[in-house]
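Q: Just need the whole structure built from these sequences, with the hints factored in.
Spelled out from the first residue to the last, the chains are:
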Amino acid sequence: MALLTTPRSAVRLASEGRPLREHLFKAALVVSVAIALGFLVVLIVYMVTKGWPRLDARLWENQPSIRRPEIAGAQSAIVGTLWLIGLTALIALPTGVLAAVYLEEYADRTRWYNRVIELNIQNLAAIPSIVYGILGLGIIARVLGLGFGVLTGAMTLSLLVLPIVIIASREAIRAVPTSIREGSFALGATQWQTVSRQVLPAAVPGIATGSILALSRAIGEAAPLIMLGAATFVPFNPEGLFDRFSALPIQIYFWITQSREEFHVLAAAAIVVLLAILLVMNSVAVWLRNRYQRRW
Amino acid sequence: MGMADVSEIAPAPQALGRSRRRHGESVVKAVLLTAALLSVATTVGIVAALLEPTVGFFTHVGIVEFFTSTDWGPLFKPPSFGVIPVVTGTLITTVIAIAVAVPLGLAAAVYLSEYASARIRRVIKPTLEVLAGIPTVALGFFALTLVTPVMRDWSPFEISLKNGLSAGLVVGVMIIPIVASLSEDAMAAVPNGLREGAYALGSSRMTVALRVVLPAAFSGVVAAIILAVSRAAGETMIVVIAAGSNPLFTVNPADEMLTMASFIAQAGSGDAPVGTVAYNTIFAVGSLLFVLTFLMNWFSARLVRRYREVYE
Numbered sequence: 001m002a003l004l005t006t007p008r009s010a011v012r013l014a015s016e017g018r019p020l021r022e023h024l025f026k027a028a029l030v031v032s033v034a035i036a037l038g039f040l041v042v043l044i045v046y047m048v049t050k051g052w053p054r055l056d057a058r059l060w061e062n063q064p065s066i067r068r069p070e071i072a073g074a075q076s077a078i079v080g081t082l083w084l085i086g087l088t089a090l091i092a093l094p095t096g097v098l099a100a101v102y103l104e105e106y107a108d109r110t111r112w113y114n115r116v117i118e119l120n121i122q123n124l125a126a127i128p129s130i131v132y133g134i135l136g137l138g139i140i141a142r143v144l145g146l147g148f149g150v151l152t153g154a155m156t157l158s159l160l161v162l163p164i165v166i167i168a169s170r171e172a173i174r175a176v177p178t179s180i181r182e183g184s185f186a187l188g189a190t191q192w193q194t195v196s197r198q199v200l201p202a203a204v205p206g207i208a209t210g211s212i213l214a215l216s217r218a219i220g221e222a223a224p225l226i227m228l229g230a231a232t233f234v235p236f237n238p239e240g241l242f243d244r245f246s247a248l249p250i251q252i253y254f255w256i257t258q259s260r261e262e263f264h265v266l267a268a269a270a271i272v273v274l275l276a277i278l279l280v281m282n283s284v285a286v287w288l289r290n291r292y293q294r295r296w
Numbered sequence: 001m002g003m004a005d006v007s008e009i010a011p012a013p014q015a016l017g018r019s020r021r022r023h024g025e026s027v028v029k030a031v032l033l034t035a036a037l038l039s040v041a042t043t044v045g046i047v048a049a050l051l052e053p054t055v056g057f058f059t060h061v062g063i064v065e066f067f068t069s070t071d072w073g074p075l076f077k078p079p080s081f082g083v084i085p086v087v088t089g090t091l092i093t094t095v096i097a098i099a100v101a102v103p104l105g106l107a108a109a110v111y112l113s114e115y116a117s118a119r120i121r122r123v124i125k126p127t128l129e130v131l132a133g134i135p136t137v138a139l140g141f142f143a144l145t146l147v148t149p150v151m152r153d154w155s156p157f158e159i160s161l162k163n164g165l166s167a168g169l170v171v172g173v174m175i176i177p178i179v180a181s182l183s184e185d186a187m188a189a190v191p192n193g194l195r196e197g198a199y200a201l202g203s204s205r206m207t208v209a210l211r212v213v214l215p216a217a218f219s220g221v222v223a224a225i226i227l228a229v230s231r232a233a234g235e236t237m238i239v240v241i242a243a244g245s246n247p248l249f250t251v252n253p254a255d256e257m258l259t260m261a262s263f264i265a266q267a268g269s270g271d272a273p274v275g276t277v278a279y280n281t282i283f284a285v286g287s288l289l290f291v292l293t294f295l296m297n298w299f300s301a302r303l304v305r306r307y308r309e310v311y312e
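Going line by line, the protein sequences match chains A and B. Residue numbering for the first sequence follows the working numbering, beginning at 1 and increasing consecutively. Residue numbering for the second sequence follows the working numbering, beginning at 1 and increasing consecutively.
For the record, the hints were derived by calculation from the structure and aren't laboratory data. Certain hints may be false.
To be verified - Quick look at which bits of chain A chain B covers, simulated, 3 or more residues with Cβ under 8 Å:
# : stretch
1 : 57-64
2 : 114-122
3 : 208-220
As the list claims (entries may be wrong) - Ranges of calculated distance between the beta carbons of each label pair, as one might list FRET restraints:
# : chain 1 : residue 1 : chain 2 : residue 2 : range
4 : B       : 73        : A       : 111       : 45 to 51 Å
5 : A       : 31        : B       : 194       : 23 to 29 Å
6 : B       : 210       : A       : 233       : 53 to 59 Å
Beta carbons are placed, not taken as given, at the ideal position from N, Cα and C, and that holds for glycine.
A: Here it is in structure tokens:
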């Protein structure tokens, strides 16, 4: 954060003499921010007004139907999304946190292989999500032979959000001061005792914030799942790891591609549900960050 | 915790008090290393998934045809494999997106870093994060059912029902938060001494922002823009929904068009049988997209390392 230590009066003094240009510049900046925020407002208002007629219990009580939009729902998609997120959390969060612990607490940065791991994680964070879909299709579904069930979807999404979890957890772990580790070592604790009993508990708020943001990315993701054949019509809930599945973003995409206007209303209603879930997750993350953020 | 920070302690204090070997500690370290290696396995997996079908593709289709022909129709009969229309489609939507995101994102960054009070910043930054987190299917729906119809009503030009223009515009809005947040980080890292020096010399606020802070944060800003370019080039759902699937070679942004990512999604969700040339085409285009984004990242990382201004 750039805390301007310069006295405000000095800033004002320096701006005198050329007021018009200064004001225009500041106005342009404010307008730019307003455009971005205004887009968000317009998008939300548009989705709510368009989806309003179908924002009711039919959406989560009924299964999708191709012929009868008036009774169609998204139950299989909602349940599918819950499965995906639960499994993704189970796979990606432990792996990501452990990898972050390794890189921050154990890795010797002068070793080439540790530098390779670090560079690789930065690189993975920028690979398009559709490429992860290719990974899911080519390796997880076919080579590992896990097929096109909900587990394959969750594993693909896990690999997609893993870099986000690792990067956020590393920052949280790095923020724990060295003195705490030294105190623990001085009392005779081993390295793992220090990490598991001192460092990780102190880093939990930061890790939780990053994890929630990572999972909310996974919830909205459609592109990699499309590659796994999730776009096909699935009017039943998954009941096991290898069952075919749908997911909210996939169901929304399916409805968008239909030509009848009723399906577009349904798509908007489902988007509102998706946005509501994401907004709640985002708020929890921001709240966690503000509530538990400690300055050591 | 008002403890004074003890500076630079040796990283292996456990050596002092060790009396016996603790096997549990080595096991833990091995487990942690395995977790970290999973990320490397991911990259290896991606390359492996792409390599074999791509090699298979190029045994059937000449590299020269792939890169120089402007006919694209791998699923048509007879098929044609000139990737140029798909590449220009990607280029057009990306250029439009960048034209939206760079000015708006940089302006937001300058505002947040140089003008906004701490209170305003606390409101705007999380809101921009919300914008970054909107699912891309929702953005695509917005582009298709609101942006495009509005443009068709107001524009004097002919605009297709699905077109690269509205997809590009909405992708641009999507990547504003990336440009804004990474550039702001770079600007926040510019030491206050530089600003104060400029003020002492009589500079105005705008001069400080544009002539002192922006140049000092340049490498970070460029890295942010490159990351935004790679996100725009790889964006899938917005383009699939709003830009359509017509692979005709065009440079008119108001036309329907295909991008690399949207082709992969559309062909991948179809049922091209495994091992056929049509199936392998998905992976060949995937390889192209992967290599391009990889090069952009590599370039951006290099740029940051090479031109980073080091303060104290």
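Q: For every hint, state whether the structure bears it out.
A: Checked hints:
{"no.": "1", "hint": "57-64", "in the structure": "violated (count 0)"}
{"no.": "2", "hint": "114-122", "in the structure": "holds (count 6)"}
{"no.": "3", "hint": "208-220", "in the structure": "holds (count 5)"}
{"no.": "4", "hint": "B:73 - A:111: 45 to 51 Å", "in the structure": "holds, 50 Å"}
{"no.": "5", "hint": "A:31 - B:194: 23 to 29 Å", "in the structure": "holds, 27 Å"}
{"no.": "6", "hint": "B:210 - A:233: 53 to 59 Å", "in the structure": "holds, 55 Å"}
Of the numbered hints listed earlier, the single one contradicted by the structure is hint 1.
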